[in-house]
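J.: Residue strings, one per chain:
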Amino acid sequence: MSATAASIKGRAFGDHLLLALVILLSIVMIAPVLWVIGLSLKDNTELMADPNSVFHAPYTLKNYINTVGTSSVFIWVRNSIIVSGGLTLGTLILSSLAGYGFARLNFPGRDVLFVIVLFGLAVPEQAVLVARHQIFSMLKFHNTYQGLILPGLSAPFGVFLMTQYFKAIPKELDEAAMLDNASRLRIFWKVLLPLTLPAQATLGIFTFLGAWNDYFWPLISATKKDMFTLTVGMASTQTNFAQSEGIGFLMAQAVFAGAPILIVYLFFQKYIVTAVSGAAVR
Amino acid sequence: MTADIEIRNVSKQFGAMTVLDHLSLSIRAREFIVFLGPSGCGKSTLLRMIAGLEAVDSGEIAINNERIDHLPPGKRGIAMVFQSYALYPHMTVRDNMAFGLANIGVPGKVIEARINEAARMLEMPHLLDRKPGQLSGGQRQRVAIGRAIVKEPKAFLFDEPLSNLDAALRTRTRIELAQLHQRLQSTMIFVTHDQVEAMTLADRIVVMNNRKIDQIGTPMEIYERPATKFVAGFVGAPAMNFVDATLDRYGKNATARFADGVSVQTEIASSQLTDGKYTFGIRSEDVRIVAAGQGNAGGVVDVLERLGERTLIYARLGDGQQIVGSDAGNSRVAVGDRIGLAFDGQKSHLFNETGRAWHAREA
Chain F
1 MSATAASIKG RAFGDHLLLA LVILLSIVMI APVLWVIGLS LKDNTELMAD PNSVFHAPYT
61 LKNYINTVGT SSVFIWVRNS IIVSGGLTLG TLILSSLAGY GFARLNFPGR DVLFVIVLFG
121 LAVPEQAVLV ARHQIFSMLK FHNTYQGLIL PGLSAPFGVF LMTQYFKAIP KELDEAAMLD
181 NASRLRIFWK VLLPLTLPAQ ATLGIFTFLG AWNDYFWPLI SATKKDMFTL TVGMASTQTN
241 FAQSEGIGFL MAQAVFAGAP ILIVYLFFQK YIVTAVSGAA VR
Chain L
1 MTADIEIRNV SKQFGAMTVL DHLSLSIRAR EFIVFLGPSG CGKSTLLRMI AGLEAVDSGE
61 IAINNERIDH LPPGKRGIAM VFQSYALYPH MTVRDNMAFG LANIGVPGKV IEARINEAAR
121 MLEMPHLLDR KPGQLSGGQR QRVAIGRAIV KEPKAFLFDE PLSNLDAALR TRTRIELAQL
181 HQRLQSTMIF VTHDQVEAMT LADRIVVMNN RKIDQIGTPM EIYERPATKF VAGFVGAPAM
241 NFVDATLDRY GKNATARFAD GVSVQTEIAS SQLTDGKYTF GIRSEDVRIV AAGQGNAGGV
301 VDVLERLGER TLIYARLGDG QQIVGSDAGN SRVAVGDRIG LAFDGQKSHL FNETGRAWHA
361 REA
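Here the protein sequences line up with chains F and L, keeping their order. So the first sequence is numbered by the working numbering: it starts at 1 and just counts up by one. So the second sequence is numbered by the working numbering: it starts at 1 and just counts up by one.
Do not take every clue at face value.
Quick partial rundown of chain F residues pointing at chain L, CB under 10 Å, derived from the structure [said to hold, decoys possible]:
no.	residue
1	Glu-46
2	Asp-50
3	Leu-173
4	Glu-175
5	Ala-176
6	Ala-177
7	Asp-180
8	Ser-183
9	Arg-186
10	Lys-190
11	Pro-194
12	Leu-195
13	Leu-197
In silico DSBU-like links for lysine-lysine, alpha-carbon gap of 35 Å or less [unchecked claim]:
no.	chain 1	residue 1	chain 2	residue 2
14	L	Lys-277	F	Lys-167
15	L	Lys-131	F	Lys-167
16	L	Lys-252	L	Lys-347
17	F	Lys-171	F	Lys-270
18	L	Lys-154	L	Lys-212
19	F	Lys-270	F	Lys-9
20	F	Lys-171	L	Lys-131
21	L	Lys-109	F	Lys-171
22	L	Lys-131	L	Lys-154
23	F	Lys-190	F	Lys-167
24	L	Lys-212	L	Lys-277
25	L	Lys-347	F	Lys-167
26	F	Lys-270	L	Lys-75
27	F	Lys-140	F	Lys-225
28	L	Lys-212	L	Lys-75
29	F	Lys-171	L	Lys-277
30	F	Lys-62	F	Lys-167
31	L	Lys-347	L	Lys-212
32	F	Lys-171	F	Lys-190
33	L	Lys-109	L	Lys-75
34	F	Lys-140	F	Lys-190
35	L	Lys-109	L	Lys-131
36	F	Lys-140	F	Lys-224
37	L	Lys-109	L	Lys-154
38	F	Lys-224	F	Lys-62
39	L	Lys-75	F	Lys-190
40	L	Lys-109	F	Lys-190
Keep in mind the hints are simulated off the structure, nothing from the lab. Using N, Cα and C, we set each Cβ at its ideal position, and we do this for glycine too.
Turn these sequences into a full structure, and let the hints steer you where they fit.
T.: Rendered as structure tokens:
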């Protein structure tokens with residue numbers, strides 16, 4: 001056997017091993033999701049008697065009908081969409097403007113300010129939680145959307161990412177646009193911002209997912225049931241070891257809860273892959 | 001539209017470093033002027049100051065007798081072609097060309113007409129709906145020129161626009177630029193460190209060195225009567241031969257004597273010259289190859305460069321200095337041969353220690 005053939009064979013074995021590993025990991029990831037869907041299609045009493053009944057008929061949509069009729073899950077989903085969407089939009093706007101400023105404008109104290117912003121990356125949320133709680137309490141921001149959105153808008157990672165991205169865009173483009181008689185705002189809006197779309201997508205996806213899955217701050221700030229985000233709301237229904245609501249009902253809520261983020265994944269799949277692989281390469 | 005450009009006593013500093021030092025220059029309307037010099041001489045900075053991309057620390061810049069150095073770049077009526085082309089990557093060629101016109105409120109129909117005219121002139125109507133990423137280097141270059149043309153500027157500025165092209169395309173584009181200048185009859189300022197580009201394109205060349213202008217002149221003036229030793233060495237390929245020499249100034253014309261006793265009778269008047277150390281300079285085409293024992297000096301052939309129409313012969317003199325001479329394309333000289341070198345005294349130059357040049361009287 002030639003060295004090349006041996007190398008190809010070795011590579012093929014490696015590929016197969018990798019494939020097997022990917023399949024195994026996929027099963028580990030997908031199994032709980034299928035389990036949730038299965039449970040949501042079963043009657044609560046039947047599940048109480050035998051959890052393994054999920055593997056055989058009869059199946060029912062009763063839990064979904066009950067969820068639509070009685071659960072607060074839609075309010076929580078709405079809250080999560082408003083908070084995550086608002087936070088994402090705000091972060092993109094602020095990070096882009098700040099990034100442009102740090103990358104392109106000369107102003108006194110710029111470099112010091114940038115270091116201070118970066119320092120924000122090193123401060124854990126828990127360290128400022130009490131102070132933040134007091135301030136928000138004073139401002140009567142708890143149980144409001146601004147209370148849930150505002151803390152996330154200080155996004156040092158976003159500012160850093162956008163600054164680096166703007167820096168990587170050749171300055172000749174600004175200069176060409178200046179010679180084309182474009183104002184600074186028009187240069188930002190028409191020339192530079194469209195070029196940062198990949199970074200915007202990366203930042204937007206990470207911000208949205210982070211906000212969607214955030215549990216800690218909403219647990220403190222949202223104490224009224226109609227201001228719960230999805231994570232807090234879902235947790236609140238499990239207080240009685242799922243006995244009061246029924247596991248099938250809870251799982252139907254979970255399916256509803258997961259739907260919006262699934263849609264985000266479907267629409268932004270390409271960007272998510274790029275964002276994650278880009279992050280891995282870096 | 002075209003413009004006289006006047007640069008008066010302009011200086012520029014970056015921090016503690018002076019980049020341009022009290023520099024003055026008049027550029028006539030419809031002139032193709034080339035700023036030529038090595039990297040770091042300040043030529044691009046001067047161009048960017050005319051464009052408004054760098055502030056003027058002191059001095060004035062005027063276009064058609066109106067000061068423009070306080071105006072933003074977009075208000076100066078100037079178009080610039082960048083070395084990197086600086087096309088907007090997310091816009092089509094058409095949008096790239098339209099952007100500047102839309103910003104000053106030119107009506108859509110006029111924009112369309114100008115784009116079509118420029119595209120026709122540059123033979124690129126088929127590229128209008130493509131994005132820069134779908135174009136070759138040469139095509140991008142055309143688009144960058146097209147983007148400048150549609151603005152109908154008072155002057156075109158080119159910042160080393162050919163340096164990213166391969167050799168063949170560079171030559172072709174050079175010719176096209178010359179044709180474009182003839183057609184548009186606009187003032188054009190072109191920055192390059194390539195003396196071939198400068199010689200072939202310029203009406204006048206501004207040779208810059210070390211923050212200052214060393215010489216302004218037509219290509220042949222620069223080539224035949226360089227003002228300084230730097231200009232003499234920078235313009236022309238191969239570079240001018242330089243040999244340290246002492247002068248005999250007893251006759252009407254000075255005689256240069258080399259360290260190994262070789263002497264060359266120049267056509268440079270002795271009365272112009274003073275005592276001191278000099279460098280004798282002569283171009284390779286003014287050094288004929290003759291049989292050993294003849295001519296002004298003798299040497300051994302180090303290297304041959306066959307260029308087709310002529311052969312460059314690098315010969316080492318007795319004192320170790322190298323002289324490049326020129327022979328016929330089919331020269332029979334071989335490496336290691338002992339040859340004679342005949343210097344054309346009428347074409348020789350002398351440079352003093354400060355680099356100032358003297359030439360033979362003009363015919």
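J.: Hint by hint, note whether the structure agrees.
T.: Here is how each hint holds up against the structure:
no., hint, result
1, Glu-46, "violated (57 Å)"
2, Asp-50, "violated (59 Å)"
3, Leu-173, "holds (6 Å)"
4, Glu-175, "holds (5 Å)"
5, Ala-176, "holds (4 Å)"
6, Ala-177, "holds (7 Å)"
7, Asp-180, "holds (3 Å)"
8, Ser-183, "holds (8 Å)"
9, Arg-186, "holds (7 Å)"
10, Lys-190, "holds (8 Å)"
11, Pro-194, "holds (5 Å)"
12, Leu-195, "holds (6 Å)"
13, Leu-197, "holds (8 Å)"
14, L:Lys-277 - F:Lys-167, "violated (52 Å)"
15, L:Lys-131 - F:Lys-167, "holds (22 Å)"
16, L:Lys-252 - L:Lys-347, "holds (17 Å)"
17, F:Lys-171 - F:Lys-270, "holds (29 Å)"
18, L:Lys-154 - L:Lys-212, "holds (26 Å)"
19, F:Lys-270 - F:Lys-9, "holds (32 Å)"
20, F:Lys-171 - L:Lys-131, "holds (19 Å)"
21, L:Lys-109 - F:Lys-171, "holds (31 Å)"
22, L:Lys-131 - L:Lys-154, "holds (28 Å)"
23, F:Lys-190 - F:Lys-167, "holds (17 Å)"
24, L:Lys-212 - L:Lys-277, "holds (24 Å)"
25, L:Lys-347 - F:Lys-167, "violated (53 Å)"
26, F:Lys-270 - L:Lys-75, "violated (43 Å)"
27, F:Lys-140 - F:Lys-225, "holds (17 Å)"
28, L:Lys-212 - L:Lys-75, "holds (28 Å)"
29, F:Lys-171 - L:Lys-277, "violated (48 Å)"
30, F:Lys-62 - F:Lys-167, "violated (56 Å)"
31, L:Lys-347 - L:Lys-212, "holds (27 Å)"
32, F:Lys-171 - F:Lys-190, "holds (15 Å)"
33, L:Lys-109 - L:Lys-75, "holds (22 Å)"
34, F:Lys-140 - F:Lys-190, "violated (39 Å)"
35, L:Lys-109 - L:Lys-131, "holds (22 Å)"
36, F:Lys-140 - F:Lys-224, "holds (14 Å)"
37, L:Lys-109 - L:Lys-154, "holds (22 Å)"
38, F:Lys-224 - F:Lys-62, "holds (28 Å)"
39, L:Lys-75 - F:Lys-190, "holds (19 Å)"
40, L:Lys-109 - F:Lys-190, "holds (21 Å)"
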